[in-house]
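Peer 1: Chain by chain, the residues:
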Amino acid sequence: MIDISTLEQYFPQVNKPLIFGEYTFTILFRQEEDTFLINLKIKQRDTKKSHLIGFRFGIGKDKKQKDASHETDKPHSEIDIYKREKESFSATVYFTFHDSEDKTIFEYAKGTIVLIDKIIKQFIKNEKLDAIIIKKIIYDEAVLDELAQFEPALIDALYDRYKNSNLIVREGNNRVVIKTPHNFKKYLGMNAGVKDLDPLFLPLLKKIEKN
Amino acid sequence: MNTELDKVKSTITISLGLKNRLRDVKGNSSYEEFIGQLLRFRNELAHKDNYIELQKFQRREKVYSFNDFKIVFSYNKYNQSPNFVFDIQIVNIRQNGQNIISINFGNDELHSAYKLYFELLTLAIQTEIEPLFKHKGRFEDYYLWRREFDRFGLSKKAFENDVMEKLDDYKNGVDYK
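If you're matching them up, the sequences are chains D and U in order. Just so we're aligned, residue 1 is where the first sequence starts under my numbering, counting upward by one. Just so we're aligned, residue 1 is where the second sequence starts under my numbering, counting upward by one.
Note that these hints are calculated values from the structure, not bench results. Each residue gets a CB set at the ideal place from its N, CA and C atoms; glycine is no exception. Treat the hints loosely; a few may be bogus.
[What the hints assert, rightly or not] Ranges between beta-carbon positions, derived for each pair:
hint	chain 1	residue 1	chain 2	residue 2	range
1	U	E109	D	I168	43 to 49 Å
2	D	A142	U	Q126	45 to 51 Å
3	D	D3	U	I14	51 to 57 Å
4	D	P181	U	G153	36 to 42 Å
5	U	R60	D	K64	30 to 36 Å
6	U	L22	D	P181	39 to 45 Å
7	U	Y143	D	H182	45 to 51 Å
8	D	K64	U	Q80	31 to 37 Å
[Claimed, not checked] Straight-line distance between alpha carbons at most 25 Å, and here's what the computed SDA-like set of lysine to any residue pairs gives:
hint	chain 1	residue 1	chain 2	residue 2
9	U	K166	D	Q31
10	D	K86	U	K171
11	U	K171	D	G54
12	U	K56	D	D196
13	U	K56	D	N174
14	U	K166	D	R56
15	D	K16	U	Y142
16	D	K16	U	A113
17	D	K16	U	I90
18	D	K63	U	Y142
19	D	K63	D	T6
20	D	K16	U	S15
21	U	K171	D	E22
22	D	K41	U	M164
[Stated by the list, open to error] Negatives, chain D to chain U, calculated, CB over 10 Å:
hint	residue
23	T6
24	E87
25	A91
26	K103
27	I133
28	L144
29	E171
If we strip away everything but chain U, and leave its shape as in the complex, we get (with noise of 0.2 Å):
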């Protein structure tokens, strides 16, 4: 018994022949124990060859707003690849309608830049896995950010792209504009 889930019995539909087959080779095992199995298998013979993994992530468009800024920005659709990346890009920033190159949020540049890309990361999260994940606390914390993927189930590789990298950027002086 893994969760909750696992507790509560279900029904799938397949075929009486291969319900016969499963039946015959499944021995003194139960179905549920047969198939889990079976995926165990699954899952070794998936892990043990070499393999090239392609996906396509749809780009959405989002507006986050504040004072009289709007920052168009984009990112990747969610979905649960272990390659899935957030990837936020900027647009556009415009204040009071008029296009701007950056904002300053009172401290220099490069931080004013990094803090704004953690504000917009954070609005993905919440528009695509959780909307009321907030994150608490300054965007340099690594541990936060990383315990607050870890609860989402987001894949390491979002975590090494999305916030890693960026603090590992901040951190060396890297302008992205």
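Isolated chain D, as found in the complex (with noise of 0.2 Å):
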């Protein structure tokens, strides 16, 4: 079992959220005996309007639980979109890792940070939030200098469970399995509307469309 603690060391504050604008960003960290959870959660504040957004992103493994539709007790990177319409919409996004041993896991929660680290950037560049903010997130510098090579490891790992086991899409009764990069677009991509993720989708992309 992977202990995660000393990459609190890339976050100024974790388990706390930090409020600018109307977005609070929460750096959620818990390592137990046999859990561990790294994630980024952007809400956007109620203000009354519709099209409240939130997602989370990161890499945990939790309990065995009975009625849970993955395998909760696997290490797996997650993904969660909420959008509140006139319908709400939400989409779950589960990349399990199954046979990787703690070392390996270890630099997929690496690279996990430095996709946090990408995420962050990019959504206060297309929320035109103050660049200043960041450091109050994440220290960058840090984690690019000593973390980016842990990167295209967690890629790599994730588009090896793309191609050899099916990546299905449940949508009510409807099962779908993405096997081309269209509905890979159309589910995860900028066809599905979550331009906030492409610092993982583009380059998950670009490699099943290469291969």
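Take each chain as given, in its own frame, and dock them per the hints.
Peer 2: Written out as structure tokens, the structure is:
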């Protein structure tokens, strides 16, 4: 079982929301004997308007849950997107790392922090927030200097999961297996209206299209 | 046997062809045992894959009334998805017919806002799940919420999003106004 606690050094503050304008940014860090979690959570504060958005991205391992829709006790990369319009829309993505050793999972956790850094920077740019807040959420320079090398390993692992195990879309009673770049874009990329996670999806899509 | 229902015999209508094929492959097992086994296999398979779960939730509006206040709020209509969350949103607050920004229960503003939020969550649960549900205790009582969410079979995600996150936000002074 990996110990992620040393990775806290890359964040000024964890487990406490940071409020900037109409958004809250939270870095969730949890470590127990048999579980761990590193998550970035961005949420629009309720401004009485619709289109409330929230998303979460990270890596974790939970206790076994009887009725869960995935293997919670296996390390997994997870993405959660939520939008509130006339209807609410939620998309949850799980990539499960079945047979990886602790050392490898720890590298994926480091790669996850690099992606968290990129997602934060892109989000701040897209929402035209002051770039000065980046350093209040994550130590960008240290992440890029010390962890950048682990990002390709994570993207490779996610691609490997895509290639060797079905990525199934569950929509009501429908089941669609994503096997083409077209479907990938439809459900996870720009065609799904999920631009905030481009730092993850674009390199993954590039790999899928290349192979 | 898992529940009382498992002791009650029932029938399902399937074609004779399928029934014959089931009989051929079930061996010495009963139909009950064999179908149970198929369900377990299905769940194992379903859980092993990577997946994307897409859900749409209809929004519902309701009015919470007390004294001379009317609070219009919306939430997601309940379904049994593991990704279900209530996502309470206050649409409008009126006092004696006049629009107002917030309610003060006599405590500080932040406490009042979260107290109101948990009143609305209680009402949404009463409407959607269990008319007899009544949260007994202070809204800050995390253990009580956890026990009640478990009792009503509400998703872990709903507990995390609708209760824990709000309690953490309250503790950290996050003002959602």
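Peer 1: Does each hint hold? Answer for all of them.
Peer 2: Verification of the hints:
no.: 1; hint: U:E109 to D:I168: 43 to 49 Å; verdict: 46 Å, holds
no.: 2; hint: D:A142 to U:Q126: 45 to 51 Å; verdict: 49 Å, holds
no.: 3; hint: D:D3 to U:I14: 51 to 57 Å; verdict: 52 Å, holds
no.: 4; hint: D:P181 to U:G153: 36 to 42 Å; verdict: 39 Å, holds
no.: 5; hint: U:R60 to D:K64: 30 to 36 Å; verdict: 34 Å, holds
no.: 6; hint: U:L22 to D:P181: 39 to 45 Å; verdict: 40 Å, holds
no.: 7; hint: U:Y143 to D:H182: 45 to 51 Å; verdict: 48 Å, holds
no.: 8; hint: D:K64 to U:Q80: 31 to 37 Å; verdict: 20 Å, violated
no.: 9; hint: U:K166 to D:Q31; verdict: 21 Å, holds
no.: 10; hint: D:K86 to U:K171; verdict: 31 Å, violated
no.: 11; hint: U:K171 to D:G54; verdict: 20 Å, holds
no.: 12; hint: U:K56 to D:D196; verdict: 20 Å, holds
no.: 13; hint: U:K56 to D:N174; verdict: 13 Å, holds
no.: 14; hint: U:K166 to D:R56; verdict: 16 Å, holds
no.: 15; hint: D:K16 to U:Y142; verdict: 18 Å, holds
no.: 16; hint: D:K16 to U:A113; verdict: 19 Å, holds
no.: 17; hint: D:K16 to U:I90; verdict: 24 Å, holds
no.: 18; hint: D:K63 to U:Y142; verdict: 20 Å, holds
no.: 19; hint: D:K63 to D:T6; verdict: 22 Å, holds
no.: 20; hint: D:K16 to U:S15; verdict: 58 Å, violated
no.: 21; hint: U:K171 to D:E22; verdict: 19 Å, holds
no.: 22; hint: D:K41 to U:M164; verdict: 14 Å, holds
no.: 23; hint: T6; verdict: 24 Å, holds
no.: 24; hint: E87; verdict: 5 Å, violated
no.: 25; hint: A91; verdict: 5 Å, violated
no.: 26; hint: K103; verdict: 22 Å, holds
no.: 27; hint: I133; verdict: 16 Å, holds
no.: 28; hint: L144; verdict: 28 Å, holds
no.: 29; hint: E171; verdict: 4 Å, violated
Checked against the numbered hints listed earlier, the structure breaks hints 8, 10, 20, 24, 25, 29; every other hint is satisfied.
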